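Go by the hints and put chain W onto chain R.
So the sequences go chain by chain: R and W. Just so we're aligned: 99 in the working numbering is position 99 of the first sequence, and the numbers increase by one with no gaps anywhere. Just so we're aligned: 31 in the working numbering is position 31 of the second sequence, and the numbers increase by one with no gaps anywhere.
Treat each hint with caution, since some may be false.
What the hints assert, rightly or not - For the chain W half of the interface with chain R, some residues (derived, Cβ under 7 Å), not all of them:
#, residue
1, Ala92
2, Val105
3, Arg107
Source of the hints: derived by calculation from the structure; they are not laboratory data. On a predicted model such as this, the values are computed, not experimentally measured, just so you know. Even glycine gets a Cβ: it sits at the ideal position worked out from N, Cα and C.
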Amino acid sequence: MLWVALELPALPLQIAQRAGASPEPLVISEGPEQRPLVICANEAAQSAGVREGQAIAAAKALAMDLRVLARDRLVEREALERLAAWGGQFTHMSCMDGQGIALEVEASIKLFSGHAKLASAIRRGIRDLGFHATLGVAPTVLAARLFARAEANGLQVRGCLDLTTLRERVAGLPLFLLDWPARTLAHLTDLGVVRMRDMLDLPMEGVARRFGPEIAICLGRLMGTIADPREPYSPPPRFRARLELPAEANGVDALLFPLRRMLVEMEGTLRGRGAGVQQLVLWLEHGRKRRTRLDLEFASPERESDFILSIAREKLGRLTLPATTIALDLRADALLPFVPRESTWLPGAKEQAIGRDRLIQRLSARLGRERVFGIAIADDHRPDRNWTSMDPGHPCADRDPEAKAARPAWLLNRPRKLVSQDSFCLIAGPERIESGWWDGAEVRRDYYVASNARGETFWIFREHRGEQGWYMHGVFA
Amino acid sequence: MKATVAQLAQLPGVWRGGELEHAIQPVVATGHAALDRELPGSGWPTGTLTEVLHDAAGIGEISFLAGALARASRDDRLIAWIAPPHLPYAPALAAAGIPLDRCLVVRPANRDDSLWAAEQALRSGACGAVLFWLPSDEYAWLRRLQMAAESGRAMAVLFRSTAAERLSTPAHLRVMLSREHGALEVRIPKRRGPPLATPIRLAIGRTLPAASSITDIRSHALAAVG
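The following block holds chain R by itself, in its conformation from the complex (with noise of 0.2 Å):
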């Protein structure tokens, strides 16, 4: 077993700036209502003299337009489930622990080409994400936190891949670093065991006698005599996340940043689950109970989050909003099984090929989907209906054209009446059309070729029901 334990320093302040940092001080809030405590600040908050453990009234004191924001344990909690549900990209076994999540990664090494990589690559994802955390990686899932709690405290550690060697690299580590009651701790502290060598070295029996039987097993847990089986987080079957903004947020390009750090959370999600997304919808909150609602839909099951928010981003750009944006909400109620896409071997396709869906697709999320279409040819000898546009980039059943006379390339949206200086030459026809009596768009036309003196060539009819005369309806383009 390899455990990689992630370590959030400061949860709440950082999901509180998950959108963007703030400039202004703020600080986290938690204790009695009539004296709350400071329990993280920002930097801001911390260059105004701001300590954790402080009152709020002596934070606000030192601090002029102080934010004071309550601790959500909810939002923490569904803020690590989540975490834990990007995770399952990178193993089957990823589950809440702590400030954090842990993740056993033995299986997963060999597919990232060594836990060094696979470290960096979590890294790398994990501040994507718009987090910062600490990295412990070690046999066992406590040693593992332990690691990561040591290196969120600034200390020097290396990790352990072995259990033979985990006991040197744990010796050297203060026992503060674990879950334990402040009570115990301080009666060690007083015995003169502070770290955890002197803990290691004491008999098991006499410490389980003492501390009770929950610290023993917590540390034959921690050096891996003990086992210490964890369960899976399994992630419900849709993705959700809400996004507050740090400031109000005008116009749609300042959104562009936190909506790709929900969908870089998405696509991991997506990927631990072999799964992709065809509708999404984003909530554009203005407060006051009023929203906006931004639908984006895909040809196929979509997870790619530089791909999804293109398409946003074109979307978005059509959008004319009532207020300010306080939050985001990005909903995805029905995760389908996703087919990753082959990408081109051609040798000299350098080029990214995005392939012909994801250019229609970009098309149609900023002109709209009636602008961009494809052509089929329909059943009926009525000229304006015997094409059909259709979705665009899906194979048709081919109707064979009936060739028994010329059509033009180009059709005029609607006829065009011709004026009595047009001077035509008629080259071919008369060809009469003359059907639709059942659905009252009966036509009656004599149609012909017909050029003029610049050698133009022309599709022409003379109409013999409603208003009469002649008119142009095609080009031979």
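Only chain W this time, still in chain R's reference frame:
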């Protein structure tokens, strides 16, 4: 190190004044032997802009490309029609041998969207041919489209009016169409090679019957009624 003239002529973008450029990018045969002979590499270039200049509409400006379009759409690649002046009419295209299921028609609402769509189609690499009708003569945009064309592999054809002949262009090839005496006359004002002395005549479009019946619509209509 000295290079011989023959070696220099092998460099991309270098050709002898009296000969056609040795095209590096693959070309798409035009389907007209007389025209192929006059084009560098014997066909429509890919990965660069080609300009087709014409004023008259309905002289065969699309049908003379039909064979090349059918060839360019091989390997499941798209033929993109960006901002065409009218609707490409499915029965006629099918009759000309253009596969309809490869056709992608894009009719943007405004100028900026048209330029953007053309750029996207050129860059994507998903298109075998991109035909576009540009609402702008801005050199900066042409340059940008040329860059986009270079990054894709499409046969990129830009249709413009002959008034653009005076304007400089980043396109490597420019052909000018007109209809003379029942044939499509192709001139090549710009190519990578010597100027073309005599225009090429292609028998495109229907062979006109003897020009006997130049008819005024009104009198014809009256005759029909009478």
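Here is what the structure says about each hint:
no., hint, verdict
1, Ala92, "holds, 4 Å"
2, Val105, "holds, 6 Å"
3, Arg107, "holds, 5 Å"
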